[in-house]
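Participant: What follows is the residue order along each chain.
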Amino acid sequence: MSAVDTGARSGRAPSRLASGKVARTESKRAKAATPRHKRASITLGILMTLMLLYCLVPLWWLVVNSTKTMDSLYNSFAFWFSGEFSLFQNIVDTFTYQDGIFLRWLGNTLVYVVIGAGGATLLATLAGYGLAKYNFPGRKWVFAIILGAMAIPASALAVPQFLLFSGLGLTNTPLSVIIPSMVSAFGLYLVWVYAVEAIPDELLEAARLDGAGEIRIFFVIALRQLAPALITVLMFTVVATWNNYFLPLIMLSDPQWYPLPVGLAQWSAQSSAIGGQAIPNLVITGSLLTVIPISAAFLYLQRYWQSGLTAGSVK
Amino acid sequence: MTVAHVHPQQPAGVSTETYATVAVGRTASSGGNRRKRVRRNWSGWWFVGPFMLIFALVFLAPLVYAIYLSLFRETLIGGNSFVGLENYGMAMVDPKFWEAMLRVSIFLLVQVPIMLGLALFAALALDSARLRWVPFYRLSIFLPYAVPGVVAVMIWGYMYGSQFGLVADINRFFGADLPSPLAENFILLSIGNIVTWEFVGYNMLIFFSALKAVPQELYEAAEIDGAGTFRTIFSIKLPSIRGALIIATIFSVIGSFQLFNEPSILQTIAPNSITTYFTPNLYAFNLSFAGSQFNYAAAIAIVSGVITMVVAYLVQLGGEKKEAK
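First to last, the sequence lines map onto chains C and E. Each residue of the first sequence is one higher than the last, beginning at 1 in our numbering. Each residue of the second sequence is one higher than the last, beginning at 316 in our numbering.
Any given hint could turn out to be false.
Below, computed lysine to aspartate or glutamate pairings styled on EDC-like, alpha-carbon distance capped at 20 Å [claimed, not checked]:
id, chain 1, residue 1, chain 2, residue 2
1, C, K38, E, E401
2, C, K38, E, E532
3, E, K411, E, E499
4, C, K38, E, E535
5, C, K38, E, E538
6, E, K411, E, E401
These are computed hints drawn from the structure, not numbers from a lab.
Using the sequences and the hints, build the whole thing.
Facilitator: Pasting the structure below:
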């Protein structure tokens, strides 16, 4: 596993790059060497359980209420099942309401995530690697500009972004959501910090002596070394794109192009508007259907996530 | 010195001989003066170029355009005219803007310490070796971060609400008359709670990862010196993760000034509590999309962006100063 090698190579404890597996073996080793594992504290357990409940209760609420009919939504205890179990009916209703626009939103979201987050990861990886391993004219400027950009609140640029894209005739098209999603300054920063240590210069020079071109070196050699950082950036950008609300809200006016969060917000607004059809059961079930895929992806990949966070935060 | 010692891994795609020669040669020569790292040529642009191209389109061009816009004003008769810093002057004395700024500042001073405090507590608890089922706690507390902000606000919005919410149930059950969390006096607290819920796990993970990187030897030394739990926390753990604390604070500061999603979605269910200028960001948004005052909105966005950057910089400066002490 390359995370281990990297840690050893740079002469640090592997736990610094605490990806799930590494951390686990490391803590076992620590246990054996020193008596760090003390008796469990009951107070600590209680306090942490309270925090756990705080974090999970709203999700529990979401699950419970997506199984209720409209009637029991209004007339039953909010944190327990009640009445007819209508989760499947709710799901069917969610997918068929307004000629199945929910499915369309789901498809849009997937497209934005695959191209936007995928593109962001590729660009950030290429650029982070380039900054870490090449000395080119203008490098200092690139540094300065990107570090500066990380400090600018993205929303300060939202309005001019809209006007500019409007001038280019791109607003209300998928491109207006995808193109801005493809820039992740923070992702670039993570890859860059990681690449400095994970890819030895000797390796690149050896490949050059073997006659490999620069692009080939990147795809055949460097990419493999960068895999942990790449997955971290991918997870960041996937979650960010899947959950994106502000940007598509500004850029899109036609519901046909909405991603899920904007669509759900519109349903919710419709529900509370005077004269609008109240569809809280669809908003709730739609929310659940939005949360499940991203949580699953997230829980599956979060162990890689940590390693990148560590590389970025300790620096 | 063997090659394997320098790089335990046999790199793919490079012949053993070449690799060995370069690696050993490098090790031998690096003993003396520092070699020049990489030769300087344009090939780096192959990698940085694509990013910078999109970056220029998405960041730099709008930034320049925003500055340009903020210096002009659209009038019905005169058309587009250059007004210099007039829009900025208007922002400086705009009570709505400053009310919004004050509101996010209060939010920042109350919510950020609470959230980071909770996150730090949780991270220290996970790292304390006195808690069972650490991965379970870690994952569960981190999970809300994956929930889309819109969905988080809707869940809490419903729970706050009087129809099928937590407050409604409590009132019904105990015959109590708790005030609505969506009332004007409580709305900022309610938003703070939502933001805390969304990001406490994320910050916890930043702190926890940093704690994991603290060298074991420090703890061993502390133990030999007879340091207790709290002594260890304040003398070793907290100083060791200062960098993570500063980064998390800066992110939270920027997030507070940018506050938009939560109030904008809650607005639909609590229109009386959330004004169109509730936060600077919401104000700029409404100015441009409801009022078509793009020029003034650009000036507002730039002023609040600059204030954000200054505060974020001060946080960093403060953190570094403490370090030097």
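Participant: Each hint should be assessed against the structure and marked as holding or not.
Facilitator: Going through the hints against the structure:
For the hint linking C:K38 to E:E401, the alpha-carbon distance of about 65 Å lies beyond 20 Å, and the restraint is violated. At roughly 17 Å between alpha-carbon atoms, C:K38 and E:E532 fall within 20 Å of each other, so this suggested pair holds. Note on E:K411 and E:E499: the hinted pairing holds, with a Cα-Cα distance of about 17 Å set against a maximum of 20 Å. For the given pair, C:K38 sits about 14 Å from E:E535 by alpha-carbon distance, which is consistent with the 20 Å threshold.
A threshold of 20 Å between alpha carbons decides the hint, and for C:K38 with E:E538 the separation of about 13 Å falls inside it, so the pair holds. Taken as a hint, the E:K411 and E:E401 pair is honoured in the structure, with Cα atoms around 17 Å apart against an allowance of 20 Å.
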